[in-house]
Amino acid sequence: MIAFFVTFLLVFCIYLLLTAGSGTIGFWSASELIAGAGLSIVVAGITRKFLCRSNNYRMANPLRLLLIPIYLLGPFLVEVTKANVDVAGRVITGRIRPGIIRVSSDLKTDLGIFILANSITLTPGTITVDIDEKTHDLFIHNINIAPGDEQKATVPARELFSIANIPAWIRRIAE
Amino acid sequence: MIADILVLACLAVGTFFNALGIVGLLRFPDVYTRMHATTKMTTFGSVFTALAVIIYGGASYLGSTDPQYVILSVHTLIAAVALAFTNALGSHAIARGAHRSGIKPTPAVVDRLEEVQP
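Taken in order, these protein sequences are the chains called A and B. Following the numbering used here, the numbering of the first sequence begins with 1 at its first residue and continues without gaps. Following the numbering used here, the numbering of the second sequence begins with 1 at its first residue and continues without gaps.
Everything labelled a hint here was simulated from the structure, so no lab data went into it. Nothing here was measured: the structure is a model prediction, and the numbers come from that model. Hints may contain errors.
Unchecked claim - Listed below are the simulated PhoX-like cross-link pairs for lysine-lysine, each with C-alpha atoms no more than 25 Å apart in a straight line: (1) 104(B) / 152(A); (2) 49(A) / 108(A); (3) 134(A) / 104(B); (4) 108(A) / 134(A); (5) 152(A) / 134(A); (6) 152(A) / 108(A).
Chain A with its partners taken away, still in its complex shape (with noise of 0.2 Å):
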């Protein structure tokens, strides 16, 4: 019942912000919030089994979700301008060091794995290659390796990042 309801508010709400700007109710016409409600009512029992298939909802709680445009915003903005700007410097001057490295991260959740491993796929000069589903350790494509980090089994995912502490938010977000 808990997952029906989660899942109609989701979907009511995209369906809100799609329809945005059809009337005068609010930002809405009274037609496209009858319509949107049932859609999302038949839509929601249909997929609910889909959305809160770890019968969790941690992610439910309103201060976490308005944690994820604080943290896309804050410190993720940061990173990805840094390592766009870096990247552009490699295009232009071609001095690049690449290889796979182990990365382990000590995230617990399949959530949070997911936000880590598509954070660093944005970030630092990385890309996520593959996981080891077991130990949840991320295999990491670097365009550039620092000197050193080749002799190492495991690269802690805290160093992959200079200036702001992205695992530790991401904990933060879905732990």
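Following the hints, put chain B in place on chain A, whose structure we already have.
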């Protein structure tokens, strides 16, 4: 006036990074390093071009209170978020598929994944 300058600045930054992404795609030696250029730079550049559209829509709404500009801004915001997500996921899928089908990173100082996979 200020909005116009912001829109132009965002468009310039976006186009610059997108162009550099293409240059990187042609310049880098193997599939993984090329993916660095295409994933990161084009996501960043496209998000900035989308930001230009959002600023334009917001400024036009404040000037005319025509709801079509809200629709423009909100839809572009959704497109930018979707683009950032799918770009990261797609590049992860391509990199994993490339490594599984036997394409090794050719200039590489270390390859830990090869030691694990049979």
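Hints not upheld, ascending by number | none
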